[in-house]
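Participant: Read off the chains here:
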Amino acid sequence: METMNKTAPILEAVNLSKKYEDGMLALNNVSFEVKPGEIFSMLGGNGAGKTTTINIFLNLLEPTSGEAKINGIVTHESPLEAKKNVAFLSENVMLYPEFTALQNIDFFVKLGGKLNYTKSDYQKVLKRVGLQTEAHEKKLKGFSKGMRQKCGIAIAILKDAPAILLDEPTSGLDPKAGHEFVKLLADLRDEGKAILMSTHDIFRAKEISDYVGIMNKGSLVMKKSRAELQGENLEQLYVQFMAGYMDTVA
Amino acid sequence: MLKLLIEKELKEIIGSPKFIMMFAISSILILLTFYVGGINYKKNIAQHEAAKLENLRSMEGIKDWRLIEHNIYLPPSILASLVNGISNDIGRNVDMYGRGEIRPHGSVYNENPVYAAFRFLDLTFLFQIVLSLFSILFTYNAVNGEKESGTLRLVFSNSIPRGKYILGKILGSYAALSIPLIIPFLLGCLVLSVLGIQLKGSEWFRLALIINAGILFMGVFITLSVFISSVSRRSANSFLLLLVIWIFVILVIPRAAVLISGRFIDVPPIDELNNKKNAYNRELAETVLNKLKTFKADGNEDLFAQFEKYMEEVNDDKDEKMNSFGSKLDEERKNRQNVQSDLSLTLARISPAAQFSLASSIIAGTSLTLSQEFLSQAKNYQNVFKTFQQEKSGGSSGGGMKMIMVNEGDEPPDIDPTELPEFVYKEANLDSIIVASLGDFGLLIIYTFIFFAGAYMAFRRFDLR
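If you read the protein sequences in the order shown, they are chains A and B.
If you're matching positions, the first sequence starts at 1225 in my numbering and goes up one per residue.
If you're matching positions, the second sequence starts at 165 in my numbering and goes up one per residue.
There may be inaccurate statements among the hints.
Unchecked claim - Here are the simulated DSS-like cross-link-like pairs (lysine-lysine), alpha carbons at most 27 Å apart as the crow flies: (1) A/1308 with B/473; (2) A/1293 with A/1369; (3) A/1351 with B/473; (4) A/1334 with B/311; (5) A/1338 with B/328; (6) B/311 with A/1369; (7) B/175 with A/1362; (8) B/182 with A/1363; (9) B/457 with B/473; (10) A/1362 with B/182.
Claimed, not checked - Covered stretches of chain B (chain A as the covering partner; in silico rule of three or more C-beta atoms under 8 Å from a C-beta of chain A): (11) 174–181; (12) 479–487.
To be verified - A few chain B positions that, by computed beta-carbon distances, are all more than 10 Å from chain A: (13) 314; (14) 315; (15) 417; (16) 443.
Keep in mind that the hints were calculated from the coordinates and are not lab data.
Yeah, the Cβ is synthetic: ideal placement off N, Cα and C, and Gly gets one too.
Build out the structure end to end from the sequences listed, making use of the hints.
Facilitator: Printed below as a string of structure tokens:
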């Protein structure tokens, strides 16, 4: 499903590096771009730099050098403006436990600058992400991880930003929930969203992504398109890169 | 945006189970404070009226105003029942003679020592101990708790300025924690009405000022907690740190201030002063007796009139000397006491708890000046009483022997005790109360701003990941 996308990238990492005060190099000259209607998955072990990359896009961290751009806006220069163009879903969606699903969604969607939605709009999206109607008015404290994840994706959908950042979104989901999630991602991609996803899930990454990158020790050591991955054993590639047998960016 | 953040904070606190607990506890304590305060006030009013009546009754059958030695009393006040201050510690009665030294006696705690052991429940205790702790309990994890729970990252994936977020946290917490105060306070006012206690307009205003001071005090703890929560990475650490600060602010600093000032400024004990005065008084009494021996009547005039005039002069002379001696001792002690008191208040004011306590007691009229004010008004009344006695009988009571000549068959009628000038204790006026409490209000506001600024600065550097 690779497309020849000539449009400008929505998400762009330009020579992105991050060195912490203790000298640890978390990101080393990482560059990539994600255009509208594309999903870019970053694979890598713990500490590979996936979450650091997302944190820089969210301006939760400032890069030591290089730039992260959302819709052309450099995130560390104009963070508030840049974040208007991005929705975020973390590995373990944590919402306010004493709020109901609808109250949480109402708060976060309004926080994202969308003030005109009605309760029925929220309910429609919650149905779309597969959260049972009877759970809409229930407090989050009784929700499973999958149910919280559905609320999170509902918030991201309702924010209707051109870019979506996903940090390990399928981690800990049961196979059915994982499958539903991937279907939703495909729909969002088809709606023209630029999606950057960090994940450990090689199979889902291969299934859904237009591009897959492998990160190791802060560097993007491989980036291949869907077409390039056809006939390749991604798992084997991943193991080889992680073990350091291969160290070139394809 | 700010409204949204405030609303969220408000809803989150109100929706939490601990809020229901706080609401229940603060409602019970506030209503109990108003009820106990109201009941005590009514009981004190009844006792005060009975004492005044008994005072008049004790004068029945007396035929000369010079023989009158009565009592004046510090009247109870509803605000003093709600904010005790020093009102239960000081002497509330004064034995009133037309001359001589005035010494208030009969404090509530002196008469009922068991109350001194446990003290009454009042608004100062409620705000200082209970509501400050509640403020900490609800806000110790305002920022780091959100990081621990993971919501902070999601919040800041949106275009939220950090300053607005902190302001929203503080204002939302402020609004949420004011609810369990304002509702029970309004009900408390209703309790006073049900008990049949009518407050004057100025008393309502002062009560509102006290509650405002309390809410400001709570604001100091809310901003402090948000500040500590922005500095500390873990909520458990911020809770521990806030608890230590609470102990210092509420318990250590005010007490340490008094101890330090007492160590640096020496004030002679009151007993030492009284012993000196008593010794001098005895000396003067001796002189009076000696003068009595030297009394010689002029044969041409009425003997009793001459004696009375002589005694009046002798007593006036004694009074003048005693007053001059006593005043000098009192003034020296008072000056040292003022220096000590100023130092201890200055040091104590480092603590917002002391600022609130002083502000509320000033507004309630139960501050440290109550004792001096009562004494000063009692002295003024003594002059009124003395003039009254002189107008009625040509002399004053107290200070020694009286010789009253009554011719047979010409017995004077009983005095009319209702003619006695009434002692009316005048509370400070509203303007002076506001001016006197302004400094402490200002300090509470300054502390709130300092902690808010601290929270803002700390949160600018806070790791949101």
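Participant: Against each hint, give a clear statement of whether it holds in the structure.
Facilitator: The hints, checked one at a time:
{"no.": "1", "hint": "A/1308 with B/473", "in the structure": "violated (98 Å)"}
{"no.": "2", "hint": "A/1293 with A/1369", "in the structure": "violated (31 Å)"}
{"no.": "3", "hint": "A/1351 with B/473", "in the structure": "violated (106 Å)"}
{"no.": "4", "hint": "A/1334 with B/311", "in the structure": "holds (20 Å)"}
{"no.": "5", "hint": "A/1338 with B/328", "in the structure": "holds (18 Å)"}
{"no.": "6", "hint": "B/311 with A/1369", "in the structure": "holds (18 Å)"}
{"no.": "7", "hint": "B/175 with A/1362", "in the structure": "holds (15 Å)"}
{"no.": "8", "hint": "B/182 with A/1363", "in the structure": "holds (16 Å)"}
{"no.": "9", "hint": "B/457 with B/473", "in the structure": "holds (15 Å)"}
{"no.": "10", "hint": "A/1362 with B/182", "in the structure": "holds (19 Å)"}
{"no.": "11", "hint": "174–181", "in the structure": "holds (count 4)"}
{"no.": "12", "hint": "479–487", "in the structure": "violated (count 0)"}
{"no.": "13", "hint": "314", "in the structure": "violated (3 Å)"}
{"no.": "14", "hint": "315", "in the structure": "violated (5 Å)"}
{"no.": "15", "hint": "417", "in the structure": "holds (36 Å)"}
{"no.": "16", "hint": "443", "in the structure": "holds (72 Å)"}
Hint violations for this structure: numbers 1, 2, 3, 12, 13, 14, all remaining hints satisfied.
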